[in-house]
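Residue numbers (this note's numbering): 20 to 470.
I should point out that these hints are in silico values taken from the structure, not numbers from a laboratory. One or more hints might be untrue.
Calculated pairs, SDA-like style, for lysine to any residue (alpha carbon to alpha carbon, straight line, at most 20 Å) [what the hints assert, rightly or not]:
| # | residue 1 | residue 2 |
| --- | --- | --- |
| 1 | Lys130 | Phe396 |
| 2 | Lys138 | Ala295 |
| 3 | Lys243 | Ala295 |
| 4 | Lys138 | Gly357 |
| 5 | Lys130 | Ala360 |
| 6 | Lys243 | Gly308 |
The calculated label-pair distances, taken between Cβ atoms and stated as ranges, are [to be verified]:
| # | residue 1 | residue 2 | range |
| --- | --- | --- | --- |
| 7 | Gly203 | Ser327 | 20 to 26 Å |
| 8 | Pro97 | Asp163 | 27 to 33 Å |
| 9 | Pro331 | Arg190 | 27 to 33 Å |
| 10 | Arg287 | Pro230 | 28 to 34 Å |
| 11 | Trp344 | Leu63 | 27 to 33 Å |
Model, not experiment: these values are computed from the prediction. The beta carbon of each residue, even a glycine, is placed where N, CA and C say it ideally should be.
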Amino acid sequence: MTATLVKETDPPPVATARGPRPRRRGRIIALLFAFPALLLLGALVVYPVMFSIGRSFFDASGTRFVGGENYTEMFRDPATLNAVRNTAVWVVVAPALLTGLGLVLAVLVEKVRWATAFKLLLFMPMAVSFLAAGIIFRLAYDEDPDKGVLNAAVVSVHDAFRGTSPYPEGRAREGGTLTRSPDGSYRTGTGVPPGNSLALPLVGVPPKDLPADARPAGPAAARKAAPGELRGVVYLDFTPGGGGERGRVDPRESGLPRAEVEAVRDGRTVASTTTAADGSFSFPGLSAGSYTLTLPASNFARPYDGVSWLGPALVTPAIIGAYLWIWTGFAMVLIGAGLAALPRDALEAARMDGANEWQIFRRITVPLLAPVLTVVFVTLVINVMKVFDLVYIIAPGPVQQDATVLATQMWLVSFGGGNNQGLGSALGVLLLLLVVPAMVFNVRRFRRSQR
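Let's have the full structure, built from the sequences with the hints guiding it.
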């Protein structure tokens, strides 16, 4: 027989039952607290969505019901189709690059000494508004190397390896010794045998752009050629202050240094040289025959101006680059938070088993971070579908249509000159339908992780 002992000091059990009235009261109180937020949500979200859906079935004036005509027109419009294509490029490229960069940086930051400062530095662009960031990158992408920092860097690297043409504005004096060839070079009209000295006049070179080491061409023009030598002088046929004689080297006229000169015989270049500080050049030891003196087109090539970052071909990648600059810190911080929560014993066990860092990253870190990476990727997908500010600010007017996305196209059609709020509302509904599945996926995944 089993006996149950009850202490006399213990209070008797009390049956508690929660009836419908207290539960109803709790719901009413919760609803009262939530009512201001629900009212604001309805005014700023629900009502505009419902109004836009209804407006999409009316014409531009909003007075005539057109049914699904706006949706049909939307997919017949080349500008809208281009916006859909650009949006698809954004959705595929930007979130993938950001997630990858965020993952790599989050892993590397753990191994640097000043991790907090590095995270702060990368996250700082998030504090910059899209308007300010657009203006910054509009200037950075400027095609003028004197304004755009990217083209200034590109031009500097190009000129370091390829050099620049010495006289991009130069051209031959009309009626002078030189004639222009179809390839942009200048050459003497008739063959010249060795033992002669020629003056090759050029114009179009501003005196202020002459090299600092340029010297007067007069003494060089007075020198005679030796037997078997072909010599001459390339000079600026312009006398500062006026005066002088066309086609003749005057005492105050300057030679053009570092100009390339070629001696051509039977269509083949047999010798080449560059002019001295006084513009003189010499081809000694030439065999008997007739030679054509040529100033190659490289002497007059336009200077390299860099890359047309905001041209039709590169404008979308350029804007995506600005977006990466802003959002990389966001992805890095979120992924870094997930990385900090990883079980360290699994990583240490892998290291003890002989796995290198690449194997640990590929087979342990990335699989364990898959839920976090998915949330970051989907969040960025939602964000890039709504991108507007950067596209509208960075893309110049002539290429605005080449860079347009759904959000900018919706604004342009509705308010930016199209004045067709019916078609613009249809574009807004399309954008909503594209964003909602990603939002639902994110919410469900969040709830699943909470459970």
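Violating hint indices (sorted, rising): Numbers 1 and 2, in rising order.
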